[in-house]
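If you read the sequences in order, they're chains A and B. Straight run, no breaks: the first sequence in the numbering used here ends on number 428. Straight run, no breaks: the second sequence in the numbering used here ends on number 1428.
In case anyone wonders, no lab produced these hints; they're calculated from the structure. Wrong hints could be hidden among the right ones.
[Said to hold, decoys possible] Label-pair distances were calculated between CB atoms; the ranges are:
1. T1375/B with S179/A: 53 to 61 Å
2. R395/A with V1002/B: 42 to 50 Å
3. T1375/B with A105/A: 23 to 31 Å
4. Q1166/B with S24/A: 25 to 33 Å
5. L1169/B with T76/A: 31 to 39 Å
6. T1375/B with G180/A: 42 to 50 Å
7. W421/A with G1305/B: 29 to 37 Å
[Claimed, not checked] Here chain A is said to cover these stretches of chain B; the calculated rule only asks that three of the stretch's residues, wherever they fall, bring their Cβ under 8 Å from a Cβ of chain A:
8. 1053–1059
9. 1162–1174
10. 1306–1314
11. 1317–1324
12. 1364–1372
[What the hints assert, rightly or not] Some but not every residue of chain A turned toward chain B, in silico, with C-beta under 8 Å:
13. L17
14. R58
15. A321
16. T323
Treat the numbers as computed from the prediction; the structure is a model and nothing was measured. Cβ coordinates follow ideal geometry from the N, Cα and C atoms, glycine included.
Protein chains: 2
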Amino acid sequence: MVSPFDAEIIAIGTELLIGGRSDSNSIFLADELGKLGIAVRFKSVVGDGKQDIVLALRTAATRAKVIILTGGLGPTLDDCTREAVAAATGHRLGRRKEALEGLTARLAQWGRTATTAQLRQALIPAGAAVLKNPVGSAPGFCLTWKKALIMSLPGVPREMEAMMQQEALPLLRAASDSSGVPPRAPIVRQLFHTFGLAEADVDATLTGLIPKGAPVDLGLLASPMGVLVSLTTKGNQSASKRHRDLLPQLADDVRSRLGGWLFAEGRDTMEEVVGRELATRGLTLALAESCTGGLIGHRLTQVAGSSAYLDRGVVCYSNRAKTEMLGVPADLIARQGAVSRAVAVAMACGIRERAKVSVGLSVTGIAGPGGGTETKPVGLVYIGLDCGTGQPITREFRFHGDRTVIKQRSSQAALDLLRRWLLDQGPV
Amino acid sequence: MVSPFDAEIIAIGTELLIGGRSDSNSIFLADELGKLGIAVRFKSVVGDGKQDIVLALRTAATRAKVIILTGGLGPTLDDCTREAVAAATGHRLGRRKEALEGLTARLAQWGRTATTAQLRQALIPAGAAVLKNPVGSAPGFCLTWKKALIMSLPGVPREMEAMMQQEALPLLRAASDSSGVPPRAPIVRQLFHTFGLAEADVDATLTGLIPKGAPVDLGLLASPMGVLVSLTTKGNQSASKRHRDLLPQLADDVRSRLGGWLFAEGRDTMEEVVGRELATRGLTLALAESCTGGLIGHRLTQVAGSSAYLDRGVVCYSNRAKTEMLGVPADLIARQGAVSRAVAVAMACGIRERAKVSVGLSVTGIAGPGGGTETKPVGLVYIGLDCGTGQPITREFRFHGDRTVIKQRSSQAALDLLRRWLLDQGPV
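So here's chain A without its partners, still in its complex pose (with noise of 0.2 Å):
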């Protein structure tokens, strides 16, 4: 028996299921889906061809009353998304007025006038509602098949989740109220981003979190930055007063368990955290990597007025780097070797002196494949932070993994470090 809650997601491209790109847009419609209690149950994912488009959107109609394809609604002559679901579900192709206009307002804003194939982005099932594209040029539609409402979007991201903010969800909504069926709880989903555990640990530490027959889900994914813990709320709840409370109680159990563990919430990210961290006290960073080569430095300025704190960084691959940029003793790094604990505060030292900085944040280590020795094997990393009160701190690191992940393991510990080091300066 479909539930009017399940839903389905077709991503339509070739290059989704063979050629090297994944999707990444179910993610965000099964968040905005959940606010409704509507459940993404399956996913389909199919090539450029018609006939498996109409294949697919069949099977859907069986499973499914919320079908979102993404995808499929460009110029070209792949893009046969339009076609698929006239065929599918019996309706005639023709240009929409509403569509054209806005395909072409779209273009001319852009300084382009419609080729003869942007044109075929206004072909438009007969009796779907045309859906607005607030940022790109092809616009989307939604109509009602087999009782479940059909709605098809772009596959760009942005574009996607723009349509779908603006005009897709306000019509799920609204048929949702003229449904009758009583609405459902929402889907809400908790994420709690941890680093330093191994996923056994963080396992064990929340073990009994969840009370026998509550309606959320724990769940655990382990990756190279940390392990993320996730609290789900089941969506076929009545939303009684004890459930409402009861997420807020178990995310506060979450965080009391782990405690410094735990280096951000939601779709925070280490460098925001510590990036605001750093503004609101006022301070300034600079960096000096080795192995990591560069990647925390772009991690911070990944983050929008990182200029504020970030003042400079330095890739010192080479030992003379090490010594001309950052003052490193060349005996030292003869005596020690470039990957030691008294490197790691030299470069953290040097740069901060350098750079007149408030904090210096450095990272020595083996990223292999090659490189390693017995004493100093691949994977070993010192990370070192300088704030100039003569006590620098430094930590030893032995990761697994290869040359991608030691890189990513080793700047998330670098910037778990300087945020522990942050929160250790007390309330600002």
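With chain A held as given, fit chain B onto it using these hints.
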């Protein structure tokens, strides 16, 4: 009509459906199946619910003759692929001796003994063949149902890939040989990476490439890193001499049409190409990054052995850093602005001289979202290259997109300028 060469992938796991992890297994599977002429027509993603897996399996059996399941073979109660396959196909689950032996042997190798939960992993549907796990603990299995070959593999890419290659593919080949159906030509996919041309321009450049009716598909995929061109042979053609020769001919045509815009083929990346050219010429490099924030250094150091040519980099985010670390005159910055052709040149020269390397490469620009003006909008980027001849090269770009996209495009444009300069130095 379902062909014996139609495949479907079913990826199992709630985290894949809604939780922020995307499935990366299908590209590998499509490649491997393609070698046998088998085309992946559909991919389904389902959560951990047993009934949903059963439903996905039933659907797949109506449209594919090779069904590959990935995931859900772990030891927890969430892992119910075994139960779902047994339920869908009407086979009883039982503990299989060879599955148990492989599992306990692997755990023993890791110094552990099987927990009760782990023993569940030795449960295999009656009539199925056990697929050994060459690198992990969870065994897979293979059975025939409704004339479809069902293969259940682990979700961890490393384990899935090893099991596919060592266990599943030999079985698939044997099944194909004994089927009496004549084998198909392999599906071959050849990739060409371009940078600097818009998708529409690549499209125009390649117009008329594929002769009418030729069994090859041309695909284009645009991203901030450039436009990817693919040539994919259709698996349903016989391996006649004419068709065997066609792909190499088309590939040559693609190369000559794309010329210098083509920077890499196959799995090669820009940073590998640039690194190889630097290494074979014995040249060394230093970077001066402003708006890219370390991304170019990060990318170059993703390549093992990059320490042979990358000496150092600086991330000079502040004006003071540009002056102190690179010797960019403060009054030049005051007069022309930090984002200017002159400052890009001064940065490239400054880092080359200080690092005493062959080539200095610089980027300065406005990544946004703030910081733009009417004359210097967000997306304005200057790239400089200096090799000490007194004739530095600079390029101006006006990129569109958000902060991440502008950083990506800037890093790619800088590396591409270096690549073109390296090739202009003539053959090694």
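Results of checking the hints against the structure:
1. T1375/B with S179/A: 53 to 61 Å: For S179/A against T1375/B, whose Cβ atoms are near 54 Å apart, the range 53 to 61 Å holds.
2. R395/A with V1002/B: 42 to 50 Å: For V1002/B against R395/A, whose Cβ atoms are near 57 Å apart, the range 42 to 50 Å is violated.
3. T1375/B with A105/A: 23 to 31 Å: holds, 28 Å
4. Q1166/B with S24/A: 25 to 33 Å: This hint holds: roughly 32 Å between Cβ atoms.
5. L1169/B with T76/A: 31 to 39 Å: holds, 34 Å
6. T1375/B with G180/A: 42 to 50 Å: violated, 59 Å
7. W421/A with G1305/B: 29 to 37 Å: Roughly 34 Å apart at Cβ, these two residues keep to the hinted range, so it holds.
8. 1053–1059: Answer holds; 3 residues pass the 8 Å Cβ test.
9. 1162–1174: violated (count 0)
10. 1306–1314: That given contact holds, which follows from 7 residues of the region 1306–1314 of chain B lying within Cβ reach (below 8 Å) of chain A.
11. 1317–1324: holds (count 5)
12. 1364–1372: holds (count 4)
13. L17: Holds: closest Cβ of chain B sits about 6 Å from L17/A, inside 8 Å.
14. R58: violated, 10 Å
15. A321: holds, 4 Å
16. T323: violated, 11 Å
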